[in-house]
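Asker: The residues making up each chain are set out below.
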Amino acid sequence: MTSVNAMEEMDTAERDRTSEPIGCADVRLPAGLLGFEHLKEYRLIARPGEAPFCWLQVKGHPSLAFVVIEPFHFLPDYQPDLPQPDVDFLGLHSPEDAAVYVIVTVSGPRRATANLKGPIVINRRTGLAKQVVIANAAQYSVAHPLPVSANAD
Amino acid sequence: MLILSRKAGESLVIDGRIHVKVVRVEGDTVKLGVLAPADVPVHRQEVYEEIQRSNQAALTRQSAVLPKLPLPGATPPAPVHHQTTKQL
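Sequences listed follow chains A and D, in order.
Residues in the first sequence are numbered from 1 upward in steps of one, following this note's numbering.
Residues in the second sequence are numbered from 1001 upward in steps of one, following this note's numbering.
None of these hints come from the bench; they were simulated from the model.
These numbers were taken from a predicted model, which means no experiment stands behind them.
Worth double-checking, as some hints may not be accurate.
[Stated by the list, open to error] For each label pair, taking beta carbons as the anchor points, the in silico distance ranges come out as:
#, chain 1, residue 1, chain 2, residue 2, range
1, D, E1049, A, S107, 32 to 38 Å
2, D, L1002, A, G23, 46 to 52 Å
3, D, E1049, A, K59, 25 to 31 Å
4, A, P83, D, R1053, 18 to 24 Å
Where a beta carbon is used, it is the ideal one built from N, C-alpha and C, also for glycine.
Required output: the full structure, derived from the provided sequences and hints.
Answerer: Set out below in structure tokens:
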């Protein structure tokens, strides 16, 4: 994915509050996210000290963001079954083309859940992405608890 | 709401581009086939609404303090002695 500098669109308050991103990429979701169909342009941002979490930030609205994570960090055997129309839409030719992230709901320093039914699948080559309702959604939870450490600040 | 009767094998056409076919009726379950352009998302309503609610709960308006997630990947993986499975 194209690496770009995210700081140019961050306002001053945002810059003061956050460390400089260590990684950043443009992500296009032409269909938006479910419930946010009108928001189509995002930046995927990794900040120091926050791995393995990343931010999916709405372009032009730096304060609107989703926390995301690659599910394989906490669930190595997660096997999202992508419907063929979605594979075609995203232009995925091999499994390596796809980056898979799930959206995290942070309820506090000791509770966070991940939505495993609707992962965000990104074509690494093009940045084209979609929130895919996986064909095997029935096997997974929309609020899978993350094994966050109890001694977090 | 428009209500139409259809038999197994019969279809509806919506907007000239979305075809909904009754494939089979088994007891209280109706199997539908949907043929729609790639830009028309089709979802089971309950799954769609569940994910929609989850997305709305997940949206943060400011950079929240993130919890710490101990990473198994932070320690080097155990050595693999032999690997016969093909990697895709």
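Asker: Can the suggested window of 46 to 52 Å be confirmed for the beta-carbon pair L1002 (chain D) and G23 (chain A)?
Answerer: With Cβ atoms ~50 Å apart, the hint holds.
Asker: CB of E1049 (chain D) to CB of K59 (chain A), is that within 25 to 31 Å?
Answerer: holds, 27 Å
Asker: That 18 to 24 Å hint for P83 (chain A) and R1053 (chain D) (C-beta), does it hold up?
Answerer: About 21 Å separates the Cβ atoms of P83 (chain A) and R1053 (chain D), which means 18 to 24 Å holds.
Asker: Does the hinted range 32 to 38 Å hold for E1049 (chain D) and S107 (chain A) at CB?
Answerer: violated, 20 Å
Going through the hint list in order, the structure does not satisfy hint 1, though it satisfies all others.
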